[in-house]
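A.B. asks: Following the hints, position chain A with the ligands against chain D.
So the chains spell out like this:
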Amino acid sequence: MSHHLVAFEDVTFAYPDGTAALRGVSFRIHHGESVGLVGANGAGKSTLLLHLPGILLPSSGHVRVGDWPVTAKTLPQVRRSLGMVFQDPDDQLFMPTVGDDVAFGPLNLGLPSDEVEARVAGALERVGATHLRQRPPYKLSGGEKRAAAIASVLSMSPDILVMDEPSANLDPASRRRLIALLRSFEHTKIVATHDLDLVQDVCTRTIVLRDGRVAADGPTAEVLGDDALLGGCHLERPLRMQGCPRCGPRK
Amino acid sequence: MTRGHSLGTSVAHLDEYASAETPIGRIDPRAKLLTTIAFLVAVASFGRYQVLSLVPLALYPIALIALGDVPSGSLLWRLLLVSPFALLIGAFNPLLDHTPLGTFGPVHVTGGWASFASIMLRFVLSVSAALLLVATTGFDAVCAALARLGVPRILVVQLLFMHRYLFVLVEEVSRTSRAFALRSPDRSRPSMRVAGTLLGQILLRTLERAQRVHSAMICRGFDGEVRLRRELRWRAADTAFVACWSAFFLLVRSHDLTRWLGTAISGAIG
Ligand SMILES: Nc1ncnc2c1ncn2[C@@H]1O[C@H](COP(=O)(O)OP(=O)(O)OP(=O)(O)O)[C@@H](O)[C@H]1O
Ligand SMILES: [Mg+2]
Numbered sequence: 001m002s003h004h005l006v007a008f009e010d011v012t013f014a015y016p017d018g019t020a021a022l023r024g025v026s027f028r029i030h031h032g033e034s035v036g037l038v039g040a041n042g043a044g045k046s047t048l049l050l051h052l053p054g055i056l057l058p059s060s061g062h063v064r065v066g067d068w069p070v071t072a073k074t075l076p077q078v079r080r081s082l083g084m085v086f087q088d089p090d091d092q093l094f095m096p097t098v099g100d101d102v103a104f105g106p107l108n109l110g111l112p113s114d115e116v117e118a119r120v121a122g123a124l125e126r127v128g129a130t131h132l133r134q135r136p137p138y139k140l141s142g143g144e145k146r147a148a149a150i151a152s153v154l155s156m157s158p159d160i161l162v163m164d165e166p167s168a169n170l171d172p173a174s175r176r177r178l179i180a181l182l183r184s185f186e187h188t189k190i191v192a193t194h195d196l197d198l199v200q201d202v203c204t205r206t207i208v209l210r211d212g213r214v215a216a217d218g219p220t221a222e223v224l225g226d227d228a229l230l231g232g233c234h235l236e237r238p239l240r241m242q243g244c245p246r247c248g249p250r251k
Numbered sequence: 252m253t254r255g256h257s258l259g260t261s262v263a264h265l266d267e268y269a270s271a272e273t274p275i276g277r278i279d280p281r282a283k284l285l286t287t288i289a290f291l292v293a294v295a296s297f298g299r300y301q302v303l304s305l306v307p308l309a310l311y312p313i314a315l316i317a318l319g320d321v322p323s324g325s326l327l328w329r330l331l332l333v334s335p336f337a338l339l340i341g342a343f344n345p346l347l348d349h350t351p352l353g354t355f356g357p358v359h360v361t362g363g364w365a366s367f368a369s370i371m372l373r374f375v376l377s378v379s380a381a382l383l384l385v386a387t388t389g390f391d392a393v394c395a396a397l398a399r400l401g402v403p404r405i406l407v408v409q410l411l412f413m414h415r416y417l418f419v420l421v422e423e424v425s426r427t428s429r430a431f432a433l434r435s436p437d438r439s440r441p442s443m444r445v446a447g448t449l450l451g452q453i454l455l456r457t458l459e460r461a462q463r464v465h466s467a468m469i470c471r472g473f474d475g476e477v478r479l480r481r482e483l484r485w486r487a488a489d490t491a492f493v494a495c496w497s498a499f500f501l502l503v504r505s506h507d508l509t510r511w512l513g514t515a516i517s518g519a520i521g
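Which chain is which? The protein sequence lines are D and A, in order.
Heads up, the first sequence is in my numbering, so the first residue is 1 and it goes up one at a time.
Heads up, the second sequence is in my numbering, so the first residue is 252 and it goes up one at a time.
Hints are computed from structural coordinates only; laboratory data are not their basis.
Just so you know, these numbers come straight off a predicted model, no measurement behind them.
Just so it is clear, CB atoms sit at the ideal spot from N, CA and C, and this is done for glycine as well.
Some clues are possibly wrong.
A few chain A positions that, by computed beta-carbon distances, are all more than 10 Å from chain D [stated by the list, open to error]:
(1) Glu272
(2) Leu331
(3) Ala337
(4) Phe343
(5) Val385
(6) Val424
(7) Thr427
(8) Phe431
(9) Thr448
(10) Ala487
(11) Ala491
(12) Phe499
(13) Ser505
(14) Ile516
Here are some of the chain A residues that sit facing chain D, going by a computed Cβ distance under 7 Å [as the list claims (entries may be wrong)]:
(15) Asp391
(16) Arg463
(17) Ala467
Next up, chain D with everything else stripped away, as it sits in the complex (with noise of 0.2 Å):
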């Protein structure tokens, strides 16, 4: 399937400021792939992934999204077909209740009601937050946030998935919820993250960021046990490919 691929060909960007962040990114994702990117701070990762909904346009080099290149004439369509988490719930959630915040992207999207009720009690019961839904988003924990800005994208139903550190600031039990949830997730789906655990359980295929290039790029298991590479990208092995403390280290 040629649809949903998200494609960068590499893509330059700068910010106005000056600071490069990105210096010639190439890679393709086809449909039906699960990617974790990851890379040290500042390694521009976020940067990245605002490309692909358009907010930042490349300085140069093409982004490309499901059928459509990312240009500033087709982003409805790109931002139709894309759900996009920020590092930050406090800025995805900007409505009254959950209820209504989860129900903003569908409304946008013209649905008639029922369909809207549909899929916000769908959203929000996949995350788990049903009993949050007439509740204001600055009254909540910041994993209740976390849950209710994941569903706030979920009932758009979009085909690829994009989240930015949507591990940080969850207890132990919420992060289990959270990865077996993007288990459950059929489609594209992309990770930044520095929470290799999470790629390994997560994401068939790794990309590593560094200084704004692709530092490597391939099948999880292959480039989190590479040590050398990991080192030079400020990263360790995900805790379970470490070797035992006491029993010395993995054959």
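C.D. replies: Then chain A with the ligands, alone, in the frame of chain D:
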């Protein structure tokens, strides 16, 4: 929590008391909005020296507090917070206006004092009516009612966002000032120069936040219109609510109920 924090949140989120379980909570937001507007018009239409004849209007906020189950303490606290503005407006009247209006027992009442009292009373009445509208209805429902009554969308959206992000802004301010306080234990408040930098920081962060929120909105198909789903159902009780209160306001405006009551009582006693 710092004082700034609790203060800001308490102003921002008066509507946590809004509940549909009370008789007032069940009234349609539009009905409450219209009645509040009628009330404000009535309060504003009184002459500048009228004080006592305004008093019966207090029945409206008192009824809302009682029937709407609003904690009067928190309402008073918010009234106090905004009262300096009224004091500022009214404070010079007693000094400037010496029109004698008559004597009240041993005290000579001048026009200045009467208009000062009138301003304060009108202020308390109007602000408490507005606060009670939000407290018994919920801010978002008030906004939905405004939109349904034909107020331009863009204004309604502005109001909604102001309400949502006031909290975040206050939090940002208190975080910044806490960061300052922790690193300068000997100073209780920042010097002018530092204060300027802090303020600039807060402004920049707020701008950045606004940009991110906007991105999040356009990612979900925002097209300039916020569609609030609130089922508003106008019933006979709502018509009655608006009609009865408006009639009462008119009555207070056209007849001096206070004097009438006073005569009736002294008649009954004497
Ligand atoms: N608004 C901005 N203006 C200028 N430079 C920026 C801006 N945002 C990010 N940068 C710079 O761009 C580079 C990439 O930042 P980015 O936020 O994409 O990193 P990241 O990989 O998401 O890091 P983290 O893991 O800390 O979230 C950094 O050097 C950063 O300083
Ligand atoms: Mg980031």
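A.B. asks: Now tell me, hint by hint, if it's right for this structure.
C.D. replies: Each hint tested on the structure:
no.: 1; hint: Glu272; result: 13 Å, holds
no.: 2; hint: Leu331; result: 24 Å, holds
no.: 3; hint: Ala337; result: 29 Å, holds
no.: 4; hint: Phe343; result: 40 Å, holds
no.: 5; hint: Val385; result: 12 Å, holds
no.: 6; hint: Val424; result: 15 Å, holds
no.: 7; hint: Thr427; result: 16 Å, holds
no.: 8; hint: Phe431; result: 22 Å, holds
no.: 9; hint: Thr448; result: 19 Å, holds
no.: 10; hint: Ala487; result: 26 Å, holds
no.: 11; hint: Ala491; result: 28 Å, holds
no.: 12; hint: Phe499; result: 32 Å, holds
no.: 13; hint: Ser505; result: 40 Å, holds
no.: 14; hint: Ile516; result: 47 Å, holds
no.: 15; hint: Asp391; result: 4 Å, holds
no.: 16; hint: Arg463; result: 4 Å, holds
no.: 17; hint: Ala467; result: 5 Å, holds
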